Structures are given as structure tokens and as C-alpha cells.
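Based on these hints, arrange chain S on the given structure of chain B.
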Amino acid sequence: EAGVAQSPRYKIIEKRQSVAFWCNPISGHATLYWYQQILGQGPKLLIQFQNNGVVDDSQLPKDRFSAERLKGVDSTLKIQPAKLEDSAVYLCASSSIWLRSYNEQFFGPGTRLTVL
Amino acid sequence: AQSVTQPDIHITVSEGASLELRCNYSYGATPYLFWYVQSPGQGLQLLLKYFSGDTLVQGIKGFEAEFKRSQSSFNLRKPSVHWSDAAEYFCAVRNSGGSNYKLTFGKGTLLTVNP
Chain B
1 EAGVAQSPRY
11 KIIEKRQSVA
21 FWCNPISGHA
31 TLYWYQQILG
41 QGPKLLIQFQ
51 NNGVVDDSQL
61 PKDRFSAERL
71 KGVDSTLKIQ
81 PAKLEDSAVY
91 LCASSSIWLR
101 SYNEQFFGPG
111 TRLTVL
Chain S
1 AQSVTQPDIH
11 ITVSEGASLE
21 LRCNYSYGAT
31 PYLFWYVQSP
41 GQGLQLLLKY
51 FSGDTLVQGI
61 KGFEAEFKRS
71 QSSFNLRKPS
81 VHWSDAAEYF
91 CAVRNSGGSN
101 YKLTFGKGTL
111 LTVNP
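Residue numbers (the working numbering), protein chains in the order written: chain B, 1 to 116; chain S, 1 to 115.
It should be emphasised that the hints constitute simulated quantities derived from the structure, not laboratory data.
Errors might be hidden in some of the hints.
[Said to hold, decoys possible] Straight-line distance between alpha carbons at most 25 Å, and here's what the computed DSS-like set of lysine-lysine pairs gives:
#: 1; chain 1: B; residue 1: Lys71; chain 2: S; residue 2: Lys68
#: 2; chain 1: S; residue 1: Lys107; chain 2: B; residue 2: Lys44
#: 3; chain 1: S; residue 1: Lys68; chain 2: S; residue 2: Lys49
#: 4; chain 1: S; residue 1: Lys107; chain 2: S; residue 2: Lys68
#: 5; chain 1: B; residue 1: Lys15; chain 2: B; residue 2: Lys71
#: 6; chain 1: B; residue 1: Lys11; chain 2: S; residue 2: Lys107
#: 7; chain 1: B; residue 1: Lys62; chain 2: B; residue 2: Lys11
#: 8; chain 1: B; residue 1: Lys62; chain 2: B; residue 2: Lys15
#: 9; chain 1: B; residue 1: Lys83; chain 2: S; residue 2: Lys107
#: 10; chain 1: S; residue 1: Lys49; chain 2: S; residue 2: Lys61
#: 11; chain 1: S; residue 1: Lys107; chain 2: S; residue 2: Lys49
#: 12; chain 1: B; residue 1: Lys44; chain 2: B; residue 2: Lys62
Keep in mind the model is a prediction, meaning the values are calculated, not measured.
The following block holds chain S by itself, in its conformation from the complex:
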């Protein structure tokens, strides 16, 4: 069964500092990988996704993520964090075949941004 681990429950960074959020997945074949952001009281917004090809993917709001098959990781990065990036971030994996498109999410990483 597919699974996702986000090792960091809560991360605090200063505005302008760089950010890396960790994500490790477990899946038998090549996975489809996603990062979502959730602001308080809001639904999930897709930041970026990986299906195939270039292992470095660019997303919205200046985020990027790198797929590393050897490490089963899909870490999210941003070179300079803005106060508006404070939110909860979820990594998710989905099977790449069939008609079941179930997303399996990690438990999330809460990001606090200090001024």
C-alpha cells in the first residue's frame, strides 16, 4: 500500500529565509507526487505535481520540488519565504495506473513564518 511520511510536524523560519519541507513516499512503481497547501479554513490548493520527466518541477508561488527515486523523496523548496506562505503543507502520492485516483496524504507540516 502506498504511504507518505512528512517527518517535520512544525517548522518555523524567518521571512526571507530559504525553506525545505521533507517528504518520503512508499509506492511500488513510479508514483504520481503532489504538494498541496492549506491555509486556515480553506481547502487544499495544488502547489505542484510530478508525473514523469524532469525530476525538478516548478510550481506556483515560487515553489519547486525535486523527485529523487533513490531516496524515495519529493522535498519542497522555496529560496525566500514570504509571510503569506504560513500555512500547512501536505505531500501526497497517487497510483499512476487504473481508475482509482485516490490520493494518500502525509500528516502535514505546519509552517510558521517569523517577521
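Next up, chain B with everything else stripped away, as it sits in the complex:
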């Protein structure tokens, strides 16, 4: 079974530029998550989708961050414009809604963003 795929793996941009990250979850997983992991901290949830609907985006800085999951499969996270403090690893995770799995989250390798 293929895992969660993310691209790119690394990205370096100047502040005020835009950037987008892509995630393809495990096949059949209805729930998709984007986490932000700043150096020295644990991951923090930015947004959770169930199919193509948003379940929780309470910690997403909506003035600059946006995310979509139009067909309920892969997802894109965008930052526009980027700030220095957005430098972090962006992790995507997915989980199945089937009860036996207890919604265990499987993580992708992440995208490391550096904003200069």
C-alpha cells in the first residue's frame, strides 16, 4: 500500500512570494490533515478535511493560507504572501473513517519550507 505522498520535498522562497504544496493521501482515506511543524516544536494542525469538506480550520491563518481538496482526494496548501515565520515543515496526513482503524493518521515525509 502506497503511503502519503507530498511534493515538493524542499522549497526556498523569498518573503512575500507565494508557494504551494501538494499532498496525495493513501487511497481510500476520506480524512486529510495539514500540519505545520516549526523547528523545535511539535506539529500543529492547520486544517482537517473530510472528503472535500472542511472539519476544522481554526488554526489556519486565513489571511495568507488557503487549502483545498476539490475532488475529495489530493489537496493543495498555499501560502500567499509568505512571511519569515512561515519557515517550517508542512506535513500532510490521512486517515480512514472506518471504526476499526480508530482514525489512525498516517503521515507523509513533509515539505520543508525556508522563507528568506
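For chain S alone, kept in the frame of chain B given last:
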């Protein structure tokens, strides 16, 4: 709001020694608890989880953890550490109901293993 505290930022042990990583959580009801490991440049891998039942849970790679409700703790243990265990370890808590499966993570404990 749920929260997790990992009191130790960095722990160094010798290969073959025992290991205990501490985790304290704050949550109103019975939590779902997790330990993840993250190697450099890698995503998070689930080591073990607690949902209910036996408070001592076994995980992969020889790890185990014990849920102690009275102490609000979920400490990770391994009897004999291998050099390949060097990584960062995260404890996480999740609500046990509803449709919001948000994981709240601690800040992590970096494990160094000396030969």
C-alpha cells in the same frame, strides 16, 4: 483545551541502556494517546497508541507505554536502546469523540544514543 507536555527536550543514553520518555497530558475525558517517532528528514511514524482497556500497550520496535490516569501520564519505555532508536519522539493526544480527530502534540524529546 487538550495539551501535552514533554518535560525532557533532549535525552542521551548509552546503547543497551533502558529508556523512559515522559509525557503528561491535559484532557477533560478519557483521551486517545499516541507516541510517534520522527527520524531526520522523515515524516512521523506511529509507535503505539492507547484508546481503552489494558493500560500497558505494546508498540513496534520493542517500545511500550503505560497509561496512568491518576498521574495524567503516558510514558514511553524501552528496556534496551539500539543506536537506530536515535530520533525525535512526540507524544500526542486526541479527543475520543466527535468528528474532529485533531492531534495535539508535545514539543518532542530528542533522543541521542551513545555507542
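Could you tell me which of the numbered hints above are not met by this structure, giving the numbers in increasing order? Hint check: 1, 5 fail, others pass.
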